[in-house]
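Protein chains in written order, with our numbering: chain Y, 1 to 254; chain B, 255 to 508; chain H, 509 to 772; chain X, 773 to 1036; chain U, 1037 to 1354.
Any given hint could turn out to be false.
Each computed DSBU-like pair below joins lysine-lysine, with the alpha-carbon atoms no more than 30 Å apart [claimed, not checked]: (1) Y:Lys-79 with B:Lys-389; (2) B:Lys-269 with Y:Lys-134; (3) Y:Lys-15 with H:Lys-654; (4) X:Lys-918 with H:Lys-746; (5) B:Lys-389 with H:Lys-654; (6) U:Lys-1336 with X:Lys-823; (7) Y:Lys-134 with H:Lys-671; (8) B:Lys-269 with B:Lys-333; (9) Y:Lys-99 with H:Lys-671; (10) Y:Lys-246 with Y:Lys-79; (11) B:Lys-353 with B:Lys-340; (12) U:Lys-1301 with U:Lys-1289; (13) Y:Lys-79 with H:Lys-759; (14) Y:Lys-134 with Y:Lys-86; (15) B:Lys-270 with X:Lys-918; (16) H:Lys-654 with Y:Lys-86; (17) X:Lys-918 with B:Lys-389.
Derived by calculation from the structure, the hints in this document are not laboratory data.
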Amino acid sequence: MRLVVENVSKSFGDKKVLESVSLTLEEGEIVCILGASGVGKSTLFHIISGLLMPDEGRVLLDGEDVTGKPGKISYMLQKDMMLPYKTVLDNVALPLIIKKTSGEGKIWPWRRIRTAREKAAAYFEEFGLSGYEKKYPAQLSGGMRQRAALLRTYLFSQEVALLDEPFSALDTITKGKMHQWYLSIMEEIHMSTLFITHDMDEAIILSDRIYILGGTPAVIQDEITVSGKKPGAEEFKISPEFLEYKKRILEYIQ
Amino acid sequence: MRLVVENVSKSFGDKKVLESVSLTLEEGEIVCILGASGVGKSTLFHIISGLLMPDEGRVLLDGEDVTGKPGKISYMLQKDMMLPYKTVLDNVALPLIIKKTSGEGKIWPWRRIRTAREKAAAYFEEFGLSGYEKKYPAQLSGGMRQRAALLRTYLFSQEVALLDEPFSALDTITKGKMHQWYLSIMEEIHMSTLFITHDMDEAIILSDRIYILGGTPAVIQDEITVSGKKPGAEEFKISPEFLEYKKRILEYIQ
Amino acid sequence: MKRKLQSITNALIPASAVILLLIIWQVLCLAGVLPGYMLPSPWQVVQAFVKDFPLMAGHMWTTLFEAFAGLGIGIVMGFVVAFLMQRFHALYRAFYPILVITQTIPTLAIAPLLVLWLGYNTAPKITLVVIMTFFPITVGLLDGFKEADPDAVRLLQAMGASKTQIFFHIMLPSGLGHFFAGLRMSVSYAVVGAVVAEWLGGFSGLGVYMTRVKKSYAYDRMFAVIFLITAISILLMKLVDIVQYFVMPWKRDDRSKTKMEEYK
Amino acid sequence: MKRKLQSITNALIPASAVILLLIIWQVLCLAGVLPGYMLPSPWQVVQAFVKDFPLMAGHMWTTLFEAFAGLGIGIVMGFVVAFLMQRFHALYRAFYPILVITQTIPTLAIAPLLVLWLGYNTAPKITLVVIMTFFPITVGLLDGFKEADPDAVRLLQAMGASKTQIFFHIMLPSGLGHFFAGLRMSVSYAVVGAVVAEWLGGFSGLGVYMTRVKKSYAYDRMFAVIFLITAISILLMKLVDIVQYFVMPWKRDDRSKTKMEEYK
Amino acid sequence: GNTATERNSDATAEKSTKNSKKITMVLDWTPNTNHTGIYVAQEKGYFKEAGLDVSVIQPPDNGATDLVASGGAEFGIDFQDTLAAAFSSDSPLPVTAVAAILQHNTSGLISLKKKGIDSPGKLEGHSYATWDSPIEQAVLKNVVEKDGGDFSRVKLISTYVEDIVAALHADIESVWIYYGWDGVKCDMEGLSTNFLPFADMNPTFDYYSPVIIGNNDYMKKNPDTTKAFLSAVKKGYEYAAGNPSDAADILLKAVPELDEKLVQKSQEYLSKQYIADAAQWGEIDANRWNGFYQWLNENKLVDNALDENAGFTMDYLK
Ligand SMILES: Nc1ncnc2c1ncn2[C@@H]1O[C@H](COP(=O)(O)OP(=O)(O)OP(=O)(O)O)[C@@H](O)[C@H]1O
Ligand SMILES: Nc1ncnc2c1ncn2[C@@H]1O[C@H](COP(=O)(O)OP(=O)(O)OP(=O)(O)O)[C@@H](O)[C@H]1O
Ligand SMILES: [Mg+2]
Ligand SMILES: [Mg+2]
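The following block holds chain Y by itself, in its conformation from the complex:
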């Protein structure tokens, strides 16, 4: 699937936040939006996910206009947003429970719930969560919560996902481990991903392309293609190529 954002602008009251933002996400790509705090990154994602109407512009998914229509694109919010009153399994299975299915699921909701749980449980091993199905989110470490949120996002739609600062709540060391895990899991599941970060290192390590969002109102200031990477995150991080990319980004961000 191909996601296209065309000339999106948005104001809150008198305050213009986004000014004619355009971007594309090709099938299977990992693209990052890099910008300082408060610049309007989450607002952009709210618009792409259909939660918020833009003042101008539109969002196209494989050519279909999905502006203001939620439920089409998988969205992982900025906070890990595990519902504290549901077990990890129920949290992860939530998109499958919510989904409007035809057939008997409509009449017997508990059947739908059981099927959803079974489907979700099958992925726990792969996402390093096995044994934690019946626990509550508060009993998990930050990294595990993030993995569970990622699994939930994946279960909603295998095609296009928006991740809002997926790793920013983690400490640097856990974050490093998560980066490696993320790169390896992405090799298996091939989900087109648009993600937000304000961490340059993270942007360079994980993405195929980087959009730099900045200014008030925010515009796309640059687009950087990152190529020839992935020799394992930590080594890449101390390679000269990495430093080159970093220098280029630093031009925009002091």
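Fit chains B, H, X and U with the ligands to the supplied structure of chain Y, relying on the hints for placement.
Positioned in the frame of chain Y, the structure of chains B, H, X and U with the ligands alone reads:
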């Protein structure tokens, strides 16, 4: 002033958190304690500040045993810990209001409060906070709150300060700016500082020496002296020396 | 082991404080400082309690029936009304301020009117209990819904969930904490409400018992029944805690509360 | 401008809902469905209110005096007791459970005893109001103190602050939110408590007025006085909000609450 | 109902034939010795014999008349003085007094002997607990002034006295009580008191209290049932008049919450008052009834003047 921590051990219930930790902080030095989340860094600071009694070992300040005696060392807690119901000025002046002074301050507390406010206000310019005296913490940005907390810590004691992850709540870009600001302010105020971080880059940029805390129970795994630096934080960050230090630290932290 | 011991001493301290107060009271009565017609001694109250317990037990079931029936109706109505008001914003805006105002009406003042309108059976008593419990439960639930994390709502919206699904997956569980706090208040209101309604007339019930013993100057029995009512309230509140324990399993170990212990 | 308009329509919707109810009630009365001796029509109530207002106003001052005196004493006692219990942990452990239990005692049941013990002046009324308000305020404050951020306490401890300083700089401001919530409840309790105590005897006061009009089967005046009591409760609660606005300036713009608006 | 009799009546209601008529009797307040005859009729089966299924309920404070008027109960108990307000209001309550429970007004002023209030005029300068009825205060004014006292110097305290003994120990110096209950209690407590009956102070005040009232509509439609009910009640009171101790036991069995000694003592006193000097139990003398209401009319104590013979009838009492 010279701070010495000798063979400190601490358990919570059956769980041993710190095992015979020793370290020193010389006058005017900036020393960092680097370790993963949950390793026991804050616990160590609680012990040094006198809030918590260690099971074994002691804390010496210029040779005087201050184990379990709070009020001697300035301590900035992990959260910025601005009291939400006090204005920024009152928050910053708090240590001066609290301090037991002899003379008329004892009899007329409002005089002490007025004097404290005046003293604190004098530093607002330098810490980039002027104009925000009468605001409440919720109205400040993350970076400003952190600067205010730092100023409060400085006002409590100009000699030895403990900073628990002073910049970890900030986004990477703001963090970068704060690092530069911090280095420049430290050139003026010369406060001996022991700080905690789990961010390798931060540790290398800011400190004269780094203690690596790791394992369960946590021990000091290595001590690294960082020399020949400070050509401006951002440039240093992309220099080859920086990468050398980073490689060395990465041996301990995967 | 250590914790168990501590929780026993935790219970012992207030218990001994109560016993001390009772002993002082008994001594004052025996010494004649407090005349019998003004205040019976604790010992007299205990005797009256033991002697009259079978009689009080009979009345108690009536009161409990009224309290539970009223509370049950109040809870069901509360849930339905809260659901509708949450679901349809116009209803919320029209009726939420009225709900809040209604709570300030002195319910007891209209109790005599209820008896006049509904007769002397259990109907007016149950109605009074419903009025006294419905409002706190509804307002509690609505306030609880407001606690729902807007990001959780957005998460479900982004998944394309319907408003009803958002209600059941987000609003309801978020409101439960407030609901149980409201319920804990309400069980005690329910019992006291039933008793007060019975003061106004009826065949049986602890309120009827109370007016009768008061009329025949039996203050020892009066205190005994006040004690019984208090005990019932406390037991019911504990019951609510137990129900909450099972309904909200994710709240069971709130470790953060004990974190300060080491530092004290 | 837009906000102002919106807040006006916000008030209009519930107001028109109330007016609609009143019209239905009036029509039912005029149609004779509701007999006059059972329920006066709204118009009769309004007439009674206007006609009797000077008389009611006189009684109102008595009731307000009792309510305020009781509330004032309750607040002062609440603060002192909460301070002592916070300061001395032994007191807390001995009396906190008793405080909580005391709240479940049906206060109204002991009101007649108060009259017997204290006579027929304002003393028993004020005492009842004190009892009804002291406990929620104290428990509210103590629960508020528990809300205090343990890290804030540690911060002050690290600065070498004394327990008293920690109380005034951390505990007290942290407890204020709960205190005002308790106070909002308490002002309404205070008025109703004073009225109920007056039912049991006194020279003047809205409760005395109420018993008199009830005895003379004047239900229109009865409704008028219930209306007045409700209005007083609401006004006092608004007053508490205003006081809170000034005492807790840092709570003034809680922006997070309005953040969802765009999404609805 | 949980008291023994009420349970019985519930049980019989289910078993008895369908044509037994259900009747609700609402008392004036908590059950006491004024009501003994009703409980006797219940216990001894007089109601059942008359084909009636009677349930006795304790009403809201001052609510019995409202209940009877609204049809919530067929019969009830009230007092001639308080009924005046119900009869004279703009929309009079549809109730009528059908029988007097006690022949004479047994109420009076009680005070501790040491206060020296041995005649009504001496109330001057003392406090009195009033329930704020204009009629009550007019009656008091009349007797005080007739005895040469200054009523304006009587300290009126608005209160409903819950406990006469405690009240007299507190700052209340005199209370209007019914001797049959509160007076007996004072005697039991060994208080030396002065008791001044109103009937003695002014014959106009020997009105009827308490009386049985019925719903007008119901009685008009069911005259025979009304008569049957009243004759059963009458039989009950006649038994109570003749067997005070037995009757007290019956009351205590039905209402075990009451204090045994007080009920026995009170019954002893009241048994002589049920019939007293009248030809039969329940008789209402038109002269005495009208005399009091006339006095109310003259003193403008009612909203609308009460007619001759208003509010009572002897038609149903045989
Ligand atoms: N519903 C709203 N109403 C008014 N202003 C809003 C609303 N949502 C966001 N804003 C404002 O828009 C700006 C952009 O917010 P946004 O959350 O998109 O930033 P962000 O780039 O995601 O920042 P962060 O990195 O801190 O998450 C901020 O100034 C914010 O205060
Ligand atoms: N009061 C306490 N009682 C019991 N266990 C505690 C207490 N305080 C801390 N711990 C435990 O001790 C360990 C170390 O905690 P500490 O807060 O010192 O970690 P940290 O290194 O500061 O972590 P972070 O980087 O997340 O702040 C943790 O496992 C924690 O759960
Ligand atoms: Mg964001
Ligand atoms: Mg820490």
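Quiz item: Hint numbers the structure violates, sorted upward?
Solution: none
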